[in-house]
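Protein chains: 2
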Amino acid sequence: MILINGESKGHIDITDRGFQYGDGLFETLEVIDGHIVFLQRHLERLHSGCLRLHIPFPDVQLIGFEARQLCRSLSAKRAVLKIIVTRGSGGRGYRQPDVIQATRALSLHPYPDYPASYSKQGIVARFCTTRLGLNPALAGIKHLNRLEQVMARSEWTGAAIQEGLMLDINDYVIEGTMTNLFYIKNNSLYTAILSQAGVDGIIRNIIIALSVEQGLPVVEHVFTRDQLLSADEVFVCNSIIGIWPIKQIEATHFSVGPITQAIQIQLNEFTSRDIDNEQ
Amino acid sequence: MILINGESKGHIDITDRGFQYGDGLFETLEVIDGHIVFLQRHLERLHSGCLRLHIPFPDVQLIGFEARQLCRSLSAKRAVLKIIVTRGSGGRGYRQPDVIQATRALSLHPYPDYPASYSKQGIVARFCTTRLGLNPALAGIKHLNRLEQVMARSEWTGAAIQEGLMLDINDYVIEGTMTNLFYIKNNSLYTAILSQAGVDGIIRNIIIALSVEQGLPVVEHVFTRDQLLSADEVFVCNSIIGIWPIKQIEATHFSVGPITQAIQIQLNEFTSRDIDNEQ
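Residue numbers (the working numbering), protein chains in the order written: chain A, -2 to 276; chain B, -2 to 276.
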């Protein structure tokens, strides 16, 4: 099920700058029982990303309407909604056209069949060789230039490892290929600063807000692989998986600790309240 | 005129990883009187880019055949041929599919109506605020993650400025938004090292080879804005424009010097020999 600029079709013009240059942004949202989780937050991030890339944002109301329209036809209990916004077609080479007509592409996908054990007993992660480049102008934005993540994700196959952790070119730990990363040490919560690289995740920000509210000290800082490996607890998060504790990074083992479990509960409650109230 | 995987059509599936992640590469080639200039070199670069990104390269012969097929129908004296190769569709998220079926998209475009004065009297350039991020894994490759160039090119409008020069995040000068950059100082030719950022241009490499052949010392190094501004001559190059001398960068003026002119003549002769012999 796909809607491109409101039309039910599955293809885009090859002149679209999304295809030509990765000139656009995307959001990946969870759909539960036809309800789109944190829709407003995703639309707000999409909007702020468009502002940073100077893409005139398509009507928020319209995207919200189309997203709900797509999900109405859904029979599965859970699904993934992807929203892509590009700078549309036109312009000469990298130069954008004088009048930008953004493209919006909404599509529904099956919810990935992750085992429930990933949330409860945790996952196994590895460090990727592929590094994240540094660029303040693009850092934080969920844009369509994702070759680094594709290359990192291609470093391993098979089901023994669930996520790859990415370092920047200075060897500081930033995030997972598809997740943000947190660790707990001496009852404080730590995560990477995303001013140079990384995606500013919706769930990441909710976790930070909930933790601060609960009186848990939260530190955004620069940290190394060794600092991460000496953590008490480690977890990754995103909008589809929620929180996955990490039970092992290469040769280092972690237990699924009480703080991670408490944050999981808080996140689940917060998500349920959104389902009850947001739309 | 467009050929996608050999079919005459103008659209691609939105599941194509070129659209989803910028997961692919491209080449931009000049077509003169139906002859594709430096076709073999472009195909070789495309091939080596595919190797670096682990995209199984579509048959070189086939792309060459399709490129010539497209150009046969051409009536204009000059045109631009663009070849895009992506990792195709499929996979889950960033993870590539087990069997990759690359997409190839060839399209013909009008030759840009640049005034002849750009090659002879030179152009005006500016320094862009948008920086090039650093990433050895992607540096040199003409991949589809081009948001930095799009953002840099959006910094100015109007015809008074023809090219923007881009610095990396350490403020070293790398290249133009759509060109490679050279400067001449005390009878030596200088250009940026492209191991961290930038596109390893076909014309750049031809210029280096021709200059070495002519006994002109060529230095690939790291240099600042001030070093560039103290140059004797400056020029930019790419496969479509050839060589454009730079006559002005912001407040600093340059003359179109004898070494730039000599390299222009050598490049033209070399290009003519390619037209006579290559295909």
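Note that these hints are calculated values from the structure, not bench results. Incorrect hints may have been included.
Dumping the calculated DSS-like pairs for lysine-lysine here, alpha-carbon to alpha-carbon at most 25 Å [as the list claims (entries may be wrong)]:
hint, chain 1, residue 1, chain 2, residue 2
1, B, K6, A, K139
2, A, K6, B, K139
3, A, K117, A, K182
Partial list, computed: chain B residues near chain A (C-beta under 7 Å) [unchecked claim]:
hint, residue
4, G3
5, S5
6, G7
7, I11
8, G15
9, R123
10, T127
11, V147
12, T174
Stretch-level coverage of chain B by chain A, calculated; a stretch enters the list once three of its residues show a Cβ under 8 Å from a Cβ in chain A [stated by the list, open to error]:
hint, stretch
13, 17 to 24
14, 111 to 121
15, 213 to 221
Beta carbons are placed, not taken as given, at the ideal position from N, Cα and C, and that holds for glycine.
Status of each hint after checking the structure:
1. For the proposed pair K6 of chain B and K139 of chain A, the alpha carbon gap of about 30 Å is over 25 Å, so the pair is violated.
2. In summary, the hint linking K6 of chain A to K139 of chain B is not supported, as the alpha carbons are separated by about 30 Å, beyond the 25 Å threshold.
3. Restraint check: the Cα-Cα separation between K117 of chain A and K182 of chain A comes to about 20 Å, which is no more than 25 Å; the hinted pair holds.
4. Violation of the interface hint for G3 of chain B is found here, the shortest Cβ-Cβ separation to chain A being roughly 14 Å, above the 7 Å cut-off.
5. Given the 7 Å rule on beta carbons, the hint for S5 of chain B is violated: about 12 Å separates it from the nearest Cβ of chain A.
6. Interface restraint check for G7 of chain B: the shortest CB-CB distance to chain A comes to about 6 Å, inside 7 Å, so the restraint holds.
7. Hint status for I11 of chain B relative to chain A: holds, with the closest Cβ pair at about 5 Å, below 7 Å.
8. Interface hint at G15 of chain B: satisfied, since its Cβ lies 5 Å from the closest Cβ of chain A, which is below the 7 Å cut-off.
9. For R123 of chain B, the shortest C-beta to C-beta distance to chain A is roughly 14 Å, which exceeds 7 Å, and the interface hint is violated.
10. Hint status for T127 of chain B: holds, given a least beta-carbon distance of 6 Å to chain A, under 7 Å.
11. A least Cβ separation of about 5 Å between V147 of chain B and chain A falls short of the 7 Å threshold, and the interface hint therefore holds.
12. Interface hint status for T174 of chain B: upheld, as the beta-carbon distance to the closest one in chain A is roughly 6 Å, under 7 Å.
13. Given as covered by chain A, the stretch 17 to 24 of chain B passes the check, having 5 residues with a CB less than 8 Å from a CB of that chain where 3 are the minimum.
14. Note: the stretch 111 to 121 of chain B has 0 residues with beta-carbon separation from chain A under 8 Å; the three-residue rule is not met and the coverage is violated.
15. With 0 residues bearing a CB less than 8 Å from a CB of chain A, the stretch 213 to 221 of chain B misses the requirement of three and the coverage assertion fails.
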